[in-house]
Each structure stands twice: as C-alpha cells, then as structure tokens.
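**Student:** The task is simple: from the sequences and hints, build the whole structure.
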Amino acid sequence: DQQVKQNSPSLSVQEGRISILNCDYTNSMFDYFLWYKKYPAEGPTFLISISSIKDKNEDGRFTVFLNKSAKHLSLHIVPSQPGDSAVYFCAASAYSGGYQKVTFGTGTKLQVIP
Amino acid sequence: DTAVSQTPKYLVTQMGNDKSIKCEQNLGHDTMYWYKQDSKKFLKIMFSYNNKELIINETVPNRFSPKSPDKAHLNLHINSLELGDSAVYFCASSRGGEAFFGQGTRLTVV
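Just so you know, the sequences run in chain order R and P.
Under my numbering, think of the first position of the first sequence as -18, with each following residue one higher.
Under my numbering, think of the first position of the second sequence as 1489, with each following residue one higher.
Since the hints were derived computationally from the structure, they do not count as laboratory data.
Since the model is a prediction, treat every value here as computed from it, not as a measurement.
Misleading hints may appear alongside valid ones.
Here are the computed lysine-lysine pairs in the BS3-like style, where the Cα-Cα straight-line distance is at most 27 Å [unchecked claim]: (1) K1497/P with K1528/P; (2) K1555/P with K49/R; (3) K1528/P with K1559/P; (4) K1532/P with K(-14)/R; (5) K1507/P with K1532/P; (6) K1555/P with K82/R; (7) K90/R with K1507/P; (8) K1529/P with K1510/P; (9) K1529/P with K82/R; (10) K82/R with K49/R; (11) K1532/P with K1497/P; (12) K90/R with K1555/P; (13) K1497/P with K1559/P; (14) K1497/P with K90/R; (15) K1528/P with K1507/P; (16) K18/R with K1510/P; (17) K90/R with K52/R; (18) K1532/P with K52/R; (19) K1524/P with K18/R; (20) K(-14)/R with K1507/P; (21) K52/R with K82/R; (22) K1528/P with K52/R; (23) K1497/P with K18/R; (24) K(-14)/R with K1555/P; (25) K1497/P with K52/R; (26) K1529/P with K18/R; (27) K1529/P with K90/R; (28) K90/R with K37/R; (29) K1555/P with K1532/P; (30) K35/R with K49/R; (31) K1510/P with K82/R; (32) K82/R with K1559/P; (33) K1507/P with K1559/P; (34) K1540/P with K82/R; (35) K90/R with K1540/P; (36) K1532/P with K18/R; (37) K52/R with K1540/P; (38) K(-14)/R with K1528/P; (39) K1510/P with K1497/P.
**Tutor:** As structure tokens, this is what we get:
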C-alpha cells in the first residue's frame, strides 16, 4: 500500500519554463512534507519542506503547495534550469509511537531541456 | 566534509555470502536510518535507530541486522545474501527535520 504517490514517473520541461511535480498521499496523519532531489549515483538531498499548518512555502525558485483537503502537494520550480534535471522524491512524515516516520514516494524524473 | 558517509560505494558478492555496509554521520544527529531503493526505484525504510536504540523495523528479514555502536554509526550486516537483495542501500540521519542521506551503496548479488 503506497501511502505517498507520485503518479508521473517522468517530466520534460523547456528551460525557463515552470516545472510542476505532483504528489498525492492517503494518510491523514501526515503532518510534515518534504521534497528531495536526487542525482544519479548520489543520495537524495533535501530541497524544501512544508508543515501541515501551512499551504505554501517558498525558497528561491522552489515553491511547495499543500492542499490538505485533497491530500495533494506540488513542487513548482520556476524558472527551470538544466541543472534541475534529477529525480524528485516527495516524502511525508507522521508522528507515531514517539517518533517521526517518513514515507517516500516513488519519484519523478525531471528533465529540463536547454 | 561529508555529512553522512557510507562504505563501500559498490559491493558485488555471491549468493550466500555475508556482507556489511558501514555508515557514519558527523552531524550530531540522534536518529539514523537505512533505506533500500529497489529496481522499481521505491525508496523504502528498513530500520531507524534513535540514540542507538532500534525504533523502526519495517518487516525486514532477519538476515538483515543493523548495529549501532554509537550515535554516529549505524552499520548494516546482511547474512546469506540472496539475489533479491540486489539494490541500492542508503544510510541517512536526522534530528527531527529533514534527513541527510549518504551517497548509497549499490549491492549486486550474483
């Protein structure tokens, strides 16, 4: 049972345009959401996060939107740059049994075309 | 300065062998993890340790035994390796917030 889903395995965007990566979740107990970026042969690196008490968080070219009623979050990258080409993982965490447990989505491979 | 380092980066071994992957973090974090990324690219948690204590064990076979000698280290020992164990294994650490990942160990069982 995949509690965090990224339904688009890949996405191609022209340089300078907006990239929108989507993520859906099923567990209403998730209260903290994160996006990670992963280059080949490297571990995932943290990109941006959002608490469930917010609906938007912005950091430079990256903005994460959270729609709790729809159990949906998205990552917007604008403008997209070729260096943004990577796999992006959505993650959600819930406090359970005294600890935060993080569940990852399956990833979306973003290709930014120069 | 590598925050989370794991060794080796690549590991090729025969079925039935026993192998270990080491992980060290210099971030002072209390919590460390092992994740497995399989052929379908799913990134799944295997274990989580907090202050050297096991807190999450996600129905991983007993052949996998994590060991945390101190807060900065979480090693993964695998007995009787099987073909299905081939994957990339990531170590990570955190302190309540985002996790920092190691570069991964690509394990190939032949």
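**Student:** Does each hint fit the structure? Answer for all of them.
**Tutor:** Going down the list of hints, with the structure as the test:
1. K1497/P with K1528/P: 20 Å, holds
2. K1555/P with K49/R: Judged against 27 Å, a Cα distance of about 38 Å means the pair is violated.
3. K1528/P with K1559/P: It is violated: about 31 Å lies between the C-alpha atoms, which goes past 27 Å.
4. K1532/P with K(-14)/R: 13 Å, holds
5. K1507/P with K1532/P: 20 Å, holds
6. K1555/P with K82/R: 20 Å, holds
7. K90/R with K1507/P: With Cα atoms ~31 Å apart, K90/R and K1507/P exceed 27 Å; violated.
8. K1529/P with K1510/P: Holds, at roughly 22 Å.
9. K1529/P with K82/R: Roughly 19 Å between the alpha carbons, so the hint for K1529/P and K82/R holds.
10. K82/R with K49/R: 19 Å, holds
11. K1532/P with K1497/P: Satisfied, since the Cα-Cα distance of roughly 19 Å is no more than 27 Å.
12. K90/R with K1555/P: 33 Å, violated
13. K1497/P with K1559/P: Holds. K1497/P to K1559/P sits at ~22 Å (cutoff 27 Å).
14. K1497/P with K90/R: Holds, at roughly 23 Å.
15. K1528/P with K1507/P: 23 Å, holds
16. K18/R with K1510/P: 23 Å, holds
17. K90/R with K52/R: Holds. K90/R to K52/R sits at ~22 Å (cutoff 27 Å).
18. K1532/P with K52/R: 21 Å, holds
19. K1524/P with K18/R: 16 Å, holds
20. K(-14)/R with K1507/P: 33 Å, violated
21. K52/R with K82/R: 18 Å, holds
22. K1528/P with K52/R: Status holds; Cα separation ~24 Å.
23. K1497/P with K18/R: 19 Å, holds
24. K(-14)/R with K1555/P: Not satisfied, since the Cα-Cα distance of roughly 31 Å exceeds 27 Å.
25. K1497/P with K52/R: At roughly 37 Å apart (the allowed maximum being 27 Å), K52/R and K1497/P break the hint.
26. K1529/P with K18/R: 14 Å, holds
27. K1529/P with K90/R: 11 Å, holds
28. K90/R with K37/R: 23 Å, holds
29. K1555/P with K1532/P: 19 Å, holds
30. K35/R with K49/R: 9 Å, holds
31. K1510/P with K82/R: Holds, at about 22 Å.
32. K82/R with K1559/P: Distance of about 18 Å is within 27 Å: holds.
33. K1507/P with K1559/P: Since the Cα atoms of K1507/P and K1559/P sit roughly 22 Å apart, the hinted pair holds (cutoff 27 Å).
34. K1540/P with K82/R: 17 Å, holds
35. K90/R with K1540/P: Judged against 27 Å, a Cα distance of about 35 Å means the pair is violated.
36. K1532/P with K18/R: The given pair, whose Cα atoms are some 16 Å apart, holds under the 27 Å limit.
37. K52/R with K1540/P: With Cα atoms ~34 Å apart, K52/R and K1540/P exceed 27 Å; violated.
38. K(-14)/R with K1528/P: At roughly 13 Å apart (the allowed maximum being 27 Å), K1528/P and K(-14)/R satisfy the hint.
39. K1510/P with K1497/P: Within the cut-off at roughly 10 Å; holds.
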